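S.K.: Below are the chains, spelled out letter by letter.
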Amino acid sequence: MLENLLIGALSLVSLDALIAIVVGVAIGIAIGALPGLGPAPAVALLLPLSYYLPPTPALVLLGSVYLAAQYGGSITSITLGIPGEAQSAATIIDGYPITKKGQPGLALTISIIASTAGGLIGIIMLILLSEPLVVFALSFGPTQYFALGVFGLSIVSSLTGGSLSRGLLATALGLFIATIGIDPLVGFPRMTFGNVNLLSGIELVPALLGLFAVSEVFFSAESVITKKVIPAVAKGIQLPDGPTFRRILRPIIQSSGLGVLVGVIPGAGATIASFIAYNETKRFSARPEEFGNGSVEGLAAPEAANNASVGGALIPLLTLGIPGSATTAILLGALTIQGIRPGQDLFTSNAEIVYGLFVALLLANLVMLVFGLFGVKIWARVAGVKHALLMPIVFALSLLGAFSINNSWFDIQILIVFGVIGYVFKKTEIPIAATVIAFVLCPMIEMSFRRALMTSDSGILVFLSNPLSVVLLLLAVITLVYPILGAMLSGRRSSAKKAGSD
Amino acid sequence: MKITRERFTLAVSIFFFISACVLFFFTNTIRDIGGGPFYMASSFMPKVTLIGVAVAAMAIAVESVSNYKSRTEMEFPLGFITKMLLGMIIYAFSLPHLGYIITTFTFVVYGSWVMGEKRYVVCLLNSALFVAVGYAIFVVSLRVSVPAFWW
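Chains as they are written, first to last, in our numbering: chain A, 1 to 502; chain B, 1001 to 1151.
Derived by calculation from the structure, the hints in this document are not laboratory data. Treat each hint with caution, since some may be false.
[Stated by the list, open to error] Cut-off 27 Å, straight-line C-alpha distance, at most; resulting in silico cross-link-like pairs (DSS-like, lysine-lysine):
no.	chain 1	residue 1	chain 2	residue 2
1	A	K386	B	K1069
2	B	K1118	B	K1002
3	A	K100	A	K427
4	B	K1002	A	K426
[To be verified] Computed spacing ranges between beta-carbons, pair by pair:
no.	chain 1	residue 1	chain 2	residue 2	range
5	B	A1148	A	V370	52 to 62 Å
6	B	F1093	A	D457	52 to 62 Å
7	A	K377	B	V1022	47 to 57 Å
8	A	M488	B	V1122	50 to 60 Å
9	A	V186	B	S1141	37 to 47 Å
10	B	R1143	A	T336	19 to 29 Å
11	B	R1007	A	L489	44 to 54 Å
12	A	V477	B	V1122	38 to 48 Å
13	B	K1118	A	V477	52 to 62 Å
14	A	L199	B	G1079	32 to 42 Å
15	B	V1122	A	A487	33 to 43 Å
16	A	P240	B	S1141	20 to 30 Å
17	A	A487	B	I1003	51 to 61 Å
In this text, all values refer to a predicted model and were calculated from it rather than measured experimentally. Glycine included, C-beta positions come from ideal geometry on N, C-alpha and C.
Just need the whole structure built from these sequences, with the hints factored in.
M.R.: In structure tokens:
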């Protein structure tokens, strides 16, 4: 492993890669700091650039943006008191009260320290766990990959969105959209309606840009007329004193571990990680009464967890090809664009790329610490930039990015249509993340399903012939059925109680 | 324009349900090789996913109807959305013909105005800055070809 890390580090000794780290972190913090834009739109906006860059700088750029945008969202939470993205919601609980006490610099400094520590721990866990998991995955065949894909989608459906039915709709829609085009096994067109442009399927980049970036442009049109905010201007960094630093140390380490564990679960991601970390830190804190009123532990915990979840989400992506979040689904798209397959191939034939990415992410955390500490005033001002000036630029960037891939007017139509779809999804609380993960995973799931059937004589029963496959499929069924049973049982209990009281 | 969330969600779910049914029953754009079980067919995955869409859409419709009395109102700025969509379509359509500089500059100014920025000098400067930076990144650094007018 150390040898591979050295090879990875050597692959970064180029101006391209180092510039990618610095630029990626700066862009990530800036975009993350803007209300409404988070890691997924940030990575989606830069995805078209990966067509024009070599593999290492392209992945390093996108990985750095991902990491930094996780931290950037906390700037909006702390200075504006509104969550930039869902994963920054837990930060407001104690971050904004610290700002209201007149200490925004302290809040932002604790936030960057916790984010950096969480990010470093997450990446170290990624490095330590990747190789054993890849070795374990060597035994996987099409049966196991199919079961794993179904299990991943079942978790995504049940954890994302306002309800199970919304999660299922989003997942099914993502799967259906991915089937449009030529059948990869047989070569016949599916759902193309005679349209030549649809033969190669729905292009990934315009669809992602539409769902994440263009939909946000429409969504921002509402905030123009519904609210105005005035940012608290940070007076600069305010380093925590010794006792404060000792107080935040344990929550940072504990929350980072939780963040990695939760980040591994597809669909769980940074939002759930940050809230679980907050609750657990409050439970074990010596001063729980401070939580909600500006507790430094309450601020550090979710920040460490949401950055640690980056490392966690990258584990299943790089080792098994299963994205742990919407942003890692976009990164899977970037790997596909570069012609790189996650899993064993990535760690053997492309070892310098993946270990280069690991080292780059470690460096990106340190660069983020420097930018976060010394750029506090700048990022606080960025958070207050008016949407009216920014959102047209976001659309123009999205359109240029979508157009530049194939110089195709059809891709622009896809961009706008998916923008409208994304907006409708946001209004109806249908999770876009589930659609994206399903869209990206569908080819792997379908191919594994059909290959497993073709190479076996037992037909559909082949999926019950392997213990791991059986366990994963059973867990998928339980994941989907449990919320429904739970709702039915609680409905019965409440009607029984009502009948009893009558 | 105000609309209740439940009504909007019901309309969207009915749309998805009807679309899934139409695509499932009335489109015949998938050609299958004869023989073999149905789950090996090319049409299997699209049809299974369409069933999933229809079932989930129906479940959401039922949820919306059962929550109808809660009447959560939400803002739906139809005027703004229409103006932005129109601007986007015109920008997209004119980009290949009029080139990157003119269309992007015009769209960013228009978009800022629609979204409520009334300081025209700020709009113009913001737009000019973006066009210049975008050109430097896409064309000069990355050598991406963007549409040009007559030059």
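S.K.: Quick one, are K100/A and K427/A close enough, alpha carbons at most 27 Å?
M.R.: violated (31 Å)
S.K.: Does the alpha-carbon distance linking K1118/B and K1002/B stay inside the 27 Å limit?
M.R.: holds (25 Å)
S.K.: Look at the Cβ atoms of V1122/B and A487/A and judge whether their distance stays inside 33 to 43 Å.
M.R.: For A487/A against V1122/B, whose Cβ atoms are near 51 Å apart, the range 33 to 43 Å is violated.
S.K.: Do the Cβ positions of M488/A and V1122/B conform to the proposed distance bound of 50 to 60 Å?
M.R.: Given about 57 Å between the Cβ atoms, the range holds.
S.K.: Hinted pair, alpha-carbon criterion (27 Å max): K386/A, K1069/B. Please report holds or violated.
M.R.: violated (37 Å)
S.K.: Taking 47 to 57 Å as the hint, is the beta-carbon distance of K377/A and V1022/B inside that range?
M.R.: holds (56 Å)
S.K.: Could you tell me whether the CB distance from F1093/B to D457/A stays inside 52 to 62 Å?
M.R.: At 55 Å between Cβs, range holds.
S.K.: Is the distance from the Cβ of V186/A to the Cβ of S1141/B consistent with 37 to 47 Å?
M.R.: Once the Cβ atoms are compared, 42 Å apart, the range 37 to 47 Å for S1141/B and V186/A holds.
S.K.: Can the suggested window of 20 to 30 Å be confirmed for the beta-carbon pair P240/A and S1141/B?
M.R.: violated (40 Å)
S.K.: Could you see if the CB distance from K1118/B to V477/A stays within 52 to 62 Å?
M.R.: holds (57 Å)
S.K.: Is it true that the CA of K1002/B sits at most 27 Å from the CA of K426/A?
M.R.: Measuring from Cα to Cα gives roughly 16 Å; hence the hint holds.
S.K.: So does L199/A sit 32 to 42 Å from G1079/B, Cβ to Cβ?
M.R.: Given range 32 to 42 Å: holds, Cβ gap about 38 Å.
Of the numbered hints listed earlier, those contradicted by the structure are 1, 3, 5, 11, 12, 15, 16 and 17.
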